[in-house]
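Asker: Each chain, written out:
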Amino acid sequence: MYMLLYAISMLLFGSISPISQDCDNTLSGTVIDLHDSSVLSGALLIVAGTEQAVQTDVDGNYTITGLCDGTYSIQVSHPYCLTQGYTVKVSGNTSKIFRLEHHLEELNEVTIKGETYQREAKTIFKNKISTEKLEDFSNGSLGDALNSLSGVSSLNTGNAVVKPMVHGLHSSRVVIVNNGVRMEDQEWGAEHAPNIDVNSVGNLTLIKGAGALQYGGGAVGGVIVADALKVPVKDSLYGKTLWNLASNGRGSSVTSQLTKSYQNGWYATAQGTVKRYGDFETPDYVLSNTGIFERSASLHFGLNRFKYGLEGYYSFFKNEIGILRASHLGGASDQLAAINSNRPLVIEDFTYDIAEPRQDVTHHLARLKIFSRFEGLGKLSLQYDFQRNNRLEYDIRVGDDADKASIDLELDTHTVLLDLDSDLTEKINLKTGVMARYQTNFADPTTGIRRLIPDYDKYDLGGYAVADYDLNENLLIEIGGRFDYTYMDAFKFYRTSTWESRNYDELYPDIIVEETGNQILTNPQLSFYNASATAAATYAFDDEYKIFFNYSLASRAPNPSELFSEGLHHSASRIEMGDLGFKSEIAHKGAMTFERQNPIFSFSINPFINSINDFIVIEPTSIEQTIRGNFQVWEYRQTDALLLGFDLDASYAFTENLRLDHQFSFVKGYDQSREEPLISMPPVNTKNSVVYQNPKINNLQLALQSEFVFRQNEFPNNNFEVYIPQTETNEIVDVSTSPDAYHVLNFNSSVDFNITQKSQLTVGFKVTNLLDNSYRNYLNRLRYYADELGRNYLLNLKLNY
Amino acid sequence: MKKIKLLTALLVAGTLFVSCSDDDDNTPEIVNEEELITTVTVTLAPEGNGDDITLQLQDLDGDGSDKPVYTVSGSLAANMVYDGSIVLWNETESPAENITEEVEEEGDEHQFFYSVGTGLDLTTEYADLDEDGNPIGIEFTVTTGEASTGTLTFTLRHEPSKPNDGSLADAGGETDVEASFDIEIE
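Residue numbers (the numbering used here), protein chains in the order written: chain A, 1 to 801; chain B, 1001 to 1186.
These are calculated hints, taken from the structure and not from any lab test. Keep in mind it's a predicted model, so treat the numbers as computed, not measured. Careful: at least some of the hints might be erroneous.
[Stated by the list, open to error] Under 7 Å between C-beta atoms, here's a sample of chain B residues computed to sit facing chain A:
1) 1033
2) 1065
3) 1068
4) 1072
[Claimed, not checked] Distance ranges between label pairs, derived from CB positions:
5) 1047/B <-> 284/A: 47 to 53 Å
6) 642/A <-> 1094/B: 51 to 57 Å
7) 710/A <-> 1058/B: 20 to 26 Å
8) 353/A <-> 1079/B: 48 to 54 Å
9) 517/A <-> 1079/B: 44 to 50 Å
10) 1029/B <-> 743/A: 38 to 44 Å
11) 517/A <-> 1169/B: 34 to 40 Å
12) 1051/B <-> 517/A: 40 to 46 Å
13) 719/A <-> 1030/B: 35 to 41 Å
14) 1169/B <-> 710/A: 33 to 39 Å
15) 1094/B <-> 459/A: 36 to 42 Å
16) 229/A <-> 1169/B: 52 to 58 Å
17) 1058/B <-> 348/A: 35 to 41 Å
18) 763/A <-> 1026/B: 16 to 22 Å
No residue lacks a Cβ here, since even glycine has one placed at the ideal position from N, Cα and C.
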């Protein structure tokens, strides 16, 4: 009631007479370097018209008290910066970050304005996950963290393989950028999780569109940017350690990080994580063979000067994941038995052992970047990165081969990027760059199993230009284009029978290298030319309302699995067929976001429409008899797809301490040629939470979250009939019908303790699936075989030092 | 100017780093699947007089597009006992590899099941045992009844629960072989 009266009085008198109000507002915030966001201590802030002058503390924080509602002029100065005047609108307790032009003495005549360090497009509404929120997912995966955002779902294979899905699209359509490096980790498979430790990420940004043209044009679904935290330019040593303990999976994770920085700009951060879980459990049974053992480490170092600098980053990630034993099946009749049983067909006692079927993935990423600013030209940076991804998939095998991997792929990628960021005028910023990439995939023949993905070499060349224009204070326009050339040189063995049945012998007789027994070695050489573009605008009505318009054109070359798949994919117990004749996918996406940022009631609404020509989809086409029984054949095909929907985020503060958060996501996807729904589209879902936060009681935080996922009513009918000899009947294998709607409650709490002046301990307690509900999730590929996880108690301790 | 030199040096180093890609033209090695079962041969030898009956399923391209080929050498005689044995081959290798040996070695992890179609009048019985005393089913006997026709299905399961009641439903596990033959008893 008080708030309402206050709001009304604000409206009535706010602009007329500031004298009638309480003058006990505070203005607080930080003063930071415009270029690298390092904090500026000892900056002097003078409030014009009053006698007030305050200085920022060592962390760059300031607080000015006794202000009335109204507009103030504030002058901010720092010994090494150009003194600047700002006008600030104070309304209640207000926070404001001042960005100063640092190192001005080195600049001579060049003045660079704007947030030149911000790399992503400014005209697209972005969802950010801060370090604090990421720490909540310390024991989970990157996919789990992203799943907390509206518009993001996850495509799961069990609970450990979590793949982010943005506005209904996933895998090679979602580009993941890890510390400035585009992840190249055989992202094509639905059962391949991104190889990033969530603990090595400082900030996670999601761009629901093809916005970040710097990183490539294939982002039909969106771009996920994971960045390390900025290190301040000062002498300092700090770090943190997080320890998690979970009842479900009976496991733990430990992550530790230490940063050393110097006044002269040098810095280094080392970080490491170990995660170990045994079999997870549903309310009723153990999910046998779902353990996980993850180890990762990263080292980040560099020199951060205004005129020049360098940055080095290396990360190592190794993950062993057990795949639900009950999901490993022979043929269609096994699948029928598994689907018809409401419990997994294999349930064993809890164990930490990870047996077959399992995945063992190792990813190395190394990056070296140097940059220098040139007068009249801008900031020029050169980056080289190398990635090595080794993916081993172990199936249940017999005899001498029992311990051998079924899939052993090694993917090496070298990339060189040259970028130039320049200010053409005070209002126009232009970013341009070129990229060259070489990638080679080696499929080890000693597995004794025909290669799922063939050996190939891939060459990419790309160039882009993005310009933004600050038309006035309220309107920003951005326009960009990119062109990519891809050349793929593969060596692929086809079965002679398949080669002929697909008519390849007439279509591609020239690519045959040799014929041996019942296999043909071919050398497909494919070229793709892809154009991408973006046009966008942001308009800020006042301090609170903003509107974003974005159109993006993205084109994606087909990936090796879409082109070359041919044969039995054991983990999916189906035969998969690619097509050598595929063209690039071309997507036109239009999105709009209307946003209000307000301490009491803020919201954003984000409708989108994505029309994709030659969308590559995999779907069942027939049943094939083999000696192992009948298998369903899934073929990739190209169609025209239309995806549309909206995301809604809202937050309402009842009082200063109590808040209600709301999220709603709605996606529909249609195959326009077949006039039927697209497979694996996220069901409508909503998340609502009540959050209580009190900074006075050790920053106590209590949150109760309700997650409701509706049933997916729109799915294509991919059911098939299979003859069961034992009963001499034809039975329908129902692989299409979606599971029922479900509701899950989660509880989260945390409290901070100051141990010494410089170290702080945060104790968190969390319960997921509080009511221990049994449910299945449409987007989990293992939903046919088992329920989702039951109740999980999690304890986490964080020590900042 | 020292910085510019450093920058140039790094630039050159970066370029060198990338240009050293391997340009070997070696074609990849062919993979002939070792565990692939292309052929199932069931031999039914009548106890006493008569010719062996062979039931064969052959699928030389594995999970390729060609359909498996079923052949049955003849019909069974009524009211007769046959000694049965199963041999699994991988004929993509030369010489062809006998996979039955692996199944036998890992007898505790494998079992053949015989499903008799409703019209067919015959019974089956296991004639071999694994190290734990449970049947494997490579060796078995078939006792025929009156003249009839129907399907006889041989299913090899990997990691079934053992012991079991001899039915597929009770055994679980994963199917390695499934071969259904049309049988006639005269």
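Asker: Each of the hints needs a verdict: does it hold here or not?
Answerer: Here is how each hint holds up against the structure:
no.: 1; hint: 1033; verdict: 6 Å, holds
no.: 2; hint: 1065; verdict: 4 Å, holds
no.: 3; hint: 1068; verdict: 6 Å, holds
no.: 4; hint: 1072; verdict: 15 Å, violated
no.: 5; hint: 1047/B <-> 284/A: 47 to 53 Å; verdict: 50 Å, holds
no.: 6; hint: 642/A <-> 1094/B: 51 to 57 Å; verdict: 52 Å, holds
no.: 7; hint: 710/A <-> 1058/B: 20 to 26 Å; verdict: 50 Å, violated
no.: 8; hint: 353/A <-> 1079/B: 48 to 54 Å; verdict: 52 Å, holds
no.: 9; hint: 517/A <-> 1079/B: 44 to 50 Å; verdict: 45 Å, holds
no.: 10; hint: 1029/B <-> 743/A: 38 to 44 Å; verdict: 53 Å, violated
no.: 11; hint: 517/A <-> 1169/B: 34 to 40 Å; verdict: 39 Å, holds
no.: 12; hint: 1051/B <-> 517/A: 40 to 46 Å; verdict: 33 Å, violated
no.: 13; hint: 719/A <-> 1030/B: 35 to 41 Å; verdict: 37 Å, holds
no.: 14; hint: 1169/B <-> 710/A: 33 to 39 Å; verdict: 35 Å, holds
no.: 15; hint: 1094/B <-> 459/A: 36 to 42 Å; verdict: 38 Å, holds
no.: 16; hint: 229/A <-> 1169/B: 52 to 58 Å; verdict: 56 Å, holds
no.: 17; hint: 1058/B <-> 348/A: 35 to 41 Å; verdict: 37 Å, holds
no.: 18; hint: 763/A <-> 1026/B: 16 to 22 Å; verdict: 58 Å, violated
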